[in-house]
Amino acid sequence: MESMIAIDTNIIVRLMTRDDEEQYQKSLKVFQNKNIFIADTVVLETEWILRFAYKFKTVEICQAFRKILGLPNVYLTNERLILQVIE
Numbered sequence: 001m002e003s004m005i006a007i008d009t010n011i012i013v014r015l016m017t018r019d020d021e022e023q024y025q026k027s028l029k030v031f032q033n034k035n036i037f038i039a040d041t042v043v044l045e046t047e048w049i050l051r052f053a054y055k056f057k058t059v060e061i062c063q064a065f066r067k068i069l070g071l072p073n074v075y076l077t078n079e080r081l082i083l084q085v086i087e
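So the sequence shown is numbered by my numbering: it starts at 1 and just counts up by one.
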């Protein structure tokens, strides 16, 4: 693993929606090869975009977040609070 990077909403949305194959592959590579920091605001913005722009249901959003945020190389500002909200 390389050093930690902070990612933005776009990278998470591309990974969760796979709406653009090239961008999905780039996002996947980031998650596979880096230690990742995700700010609380990015989590909130991602949820909003998935719900309103992509019409994801709440259960789908929570499942996707559990997978991504549960990765050993993903770090959050307030992990306990974010995971509690997802539950």
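Some clues are possibly wrong.
Only pairs whose alpha carbons sit at most 27 Å apart, straight line, appear in this in silico DSSO-like list of lysine-lysine [claimed, not checked]:
1) Lys-55 / Lys-26
2) Lys-67 / Lys-26
3) Lys-26 / Lys-57
Just so you know, these hints were derived from the structure itself, not from any lab. Bear in mind the structure is a predicted one, so any value in this text is a computation, not a measurement.
Do the hints match the structure? See the list:
1. For a cut-off of 27 Å, the pair hint linking Lys-55 to Lys-26 stands: about 23 Å separates their Cα positions.
2. At roughly 18 Å between alpha-carbon atoms, Lys-67 and Lys-26 fall within 27 Å of each other, so this suggested pair holds.
3. Restraint check for Lys-26 and Lys-57: the C-alpha separation of about 25 Å stays at or below 27 Å, so the hint holds.
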